[in-house]
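Protein chains in written order, with the working numbering: chain A, 1 to 322; chain P, 323 to 482.
There's no promise every hint is true.
[Stated by the list, open to error] Sample of chain P residues facing chain A (criterion: CB under 8 Å; computed from the structure):
1) Ile354
2) Ala355
3) Ala357
4) Gly358
5) Val359
6) Ala361
7) Glu362
8) Glu363
9) Val436
10) Ala437
11) Ile439
12) His440
13) Ala443
14) Lys444
15) Lys451
Simulated from the structure, these hints should not be mistaken for laboratory data. We put the beta carbon where it would ideally sit given N, CA and C, even for glycine.
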Amino acid sequence: MKSQDFIYAVSRIRMKETKLLSRKDIDRLISQADYDSVLRTLSEFGYSCDNSDDSSDILSIEQQKLWALMAELVDDMSVFDVFRLQNDYHNLKVSVKSVYSNKSPDSMFLSGGTLEGSQIYECVKNRDYKELPTLLGETAANALDILLKTGDGQLCDAIIDKASLDALAEFASKAQDEVIKDYAELYIASANVKIAVRGAKLEKSLEFFNQALANCNSLNKDNLAKSAVKGFDEICAYLNTTKYKDAVEYIKKSMSSFEKWCDDLLISGMKKQKSEPFTIGPLVAYILAKQNEIKAVRLILIAKINGFDDIKINERIREMYV
Amino acid sequence: MELGLFLAVLGAAIATFLAGIGSSIGVGKAGIAAAGVLAEEPSLFSKVLILMLLPATQGIYGLLVAFLILQGVGVIGGGAGEVSNLEGLLYLAASLPIAASGLFSAIHQGKCSVAGIHTVAKKPDTMGKALIIPAMVETYAILALLISILAINGIGALGL
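Looking at chain A on its own, in the form it has when it is part of the complex:
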């Protein structure tokens, strides 16, 4: 699409942005006494809480609304494949494991993929991958084969995750918009760091890291793999020589605080899209902002169900877009 084709979409997004939850709104949700009060406040914010008390239903409706809006705003949804591909690979993971365990996968599918989750499931179930994109089909065949032979769910996940990162990298390399390239780069780099850290703790081999890590521009895959084999401290030492040196103190704290650092970095990087009138950037920023909001609401709902205190919730809440 030409840049000016996004004028209408960006105009609608500007209005939608006024309805995104701000940090103040999130604080209001956190301050609610219990789960039901949070649901009532969410209703005031426009969430569809009337027909369901189940938090996953409420949040899934918000996801569906998000992707329905995007389908309304652009003629060709493939511009959002940077997000949709991840949902495809998640749905593939669900499908492969459901076929393996012979269970119904329906409630676990994510909406907003390039294909319906049920379509991927049918292909995997029938071992007929012709209707799937080449990489997705090959990955499905390989992952199911490995799972059936070894029964190793972790290995199956690793194969699908790697393919997902490769698909993302391939999409980003062809994308023309900087915002999509930047997002994909940070996503792949953070996934690589997580794989390296977790692998180092489990003392995985160099071969494992070479297979599991994806290519990205901001981190040298070989150097990261070699550091990961030597241990956690070597990973930190390597990261100190890269643009992710600020992340090291968070990685040392915990993996969840590193994930929060990545999410905050992404959202703060997206804030410049608030003044961009013509490109796809504000749409990408809105998708990330809404997903960030959904993540925050999920966290608050779960915390209220389990009776976590407000300080713990606050520690985990990401920076908001508005």
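Starting from the known structure of chain A, fit chain P onto it as the hints suggest.
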């Protein structure tokens, strides 16, 4: 006489269509943005309409200059006299400032209006400020209009 008159009418045509093209592109872009905002919030109609119409003025300036040229050579208003080649060429030259400036300033004002409409969409209270920013682009269309009008009046006074 024929060539002189042709050049003068050509000047009027250029002033009208180039400034008109600029305005239609500018208003078109701002109109798309306005439609997007109104789809979500119809109550902002009056505010976005003003911003949307800002790039329309260049087309009107082009029309005004064309009208003055046609009047100057007597095509409208009657009393058509002899138009020398030099006089026709001068009228053509006089049309160029508003033609070129109208074309480009309207397109860029349209982009500026889009940004202004987005600002109003998020913060309706900033309407005044959002209006001033694209209005600054108007300055250069007005300067060009001024030179075109002064030149047309000057040509008439030369008595060529």
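Handout entry: Hints violated by the structure (listed by number, smallest first)
Key = The structure conflicts with hint 15 only, although it agrees with all the remaining ones.
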